[in-house]
Amino acid sequence: GENVGLHLPTLSVQEGDNSIINCAYSNSASDYFIWYKQESGKGPQFIIDIRSNMDKRQGQRVTVLLNKTVKHLSLQIAATQPGDSAVYFCAENIGDTGRRALTFGSGTRLQVQP
Amino acid sequence: DTGVSQNPRHKITKRGQNVTFRCDPISEHNRLYWYRQTLGQGPEFLTYFQNEAQLEKSRLLSDRFSAERPKGSFSTLEIQRTEQGDSAMYLCASSSRELGYGYTFGSGTRLTVV
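First to last, the protein sequences are chains A and B.
Residue numbers for the first sequence follow this note's numbering, so the first one is 19 and each next one is one higher.
Residue numbers for the second sequence follow this note's numbering, so the first one is 184 and each next one is one higher.
Please keep in mind that the hints were generated in silico from the structure rather than gathered at the bench.
The list that follows gives simulated cross-link-like pairs (lysine to aspartate or glutamate, EDC-like), each with its CA atoms no further than 20 angstroms apart:
1. A:K60 / B:E227
2. B:K240 / B:E227
3. A:K89 / A:D49
4. B:K240 / B:E261
5. A:K60 / B:D207
6. B:K254 / B:E211
Based on the sequences and whatever the hints tell you, model everything.
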């Protein structure tokens, strides 16, 4: 939405560099994780997801790593572009309960310097 | 446009007034969700529908809030006797069982209570 992430942690990278955005989740029962990108004035946009039976999943220019031991999730963006500038949220879900709600983290702002 | 549509995009209302927002999900999606997002925070779950049935409500959804999805298609979210604390972005998302949990979000309705 507008002015998303006024006081969020910010990661500033140079265009062409790789970016790593980290997320700590709290519920050890969570079995499904999603990364979303949110640009100003828009709703969250799905980037990539991963289930708890996996450690790594790759998409186009993005990779998600899951470390269940320390309850840590990371999003790696290769060859970061100015269009990648946005706020990034991780979200988790406890699928076994049938609950469909996602719990979102607080977000990280990515600024790509040309 | 085949995405999730939300109307209005912006709403300014005086404290104590009632407001209603509308969400039109992706037509083949049977699941619909409402989330609320305040500045600098990730979205917070409010409620979830599967077809016309409201299956889950968050504790955030006070008795001033009501959501409906009368024919299993579009949904409305009404806030009665608005308070300044209701100022937020209200996001709608939809999904289908075949897609798993990967929602598609709309662009949201920004509510400002003055």
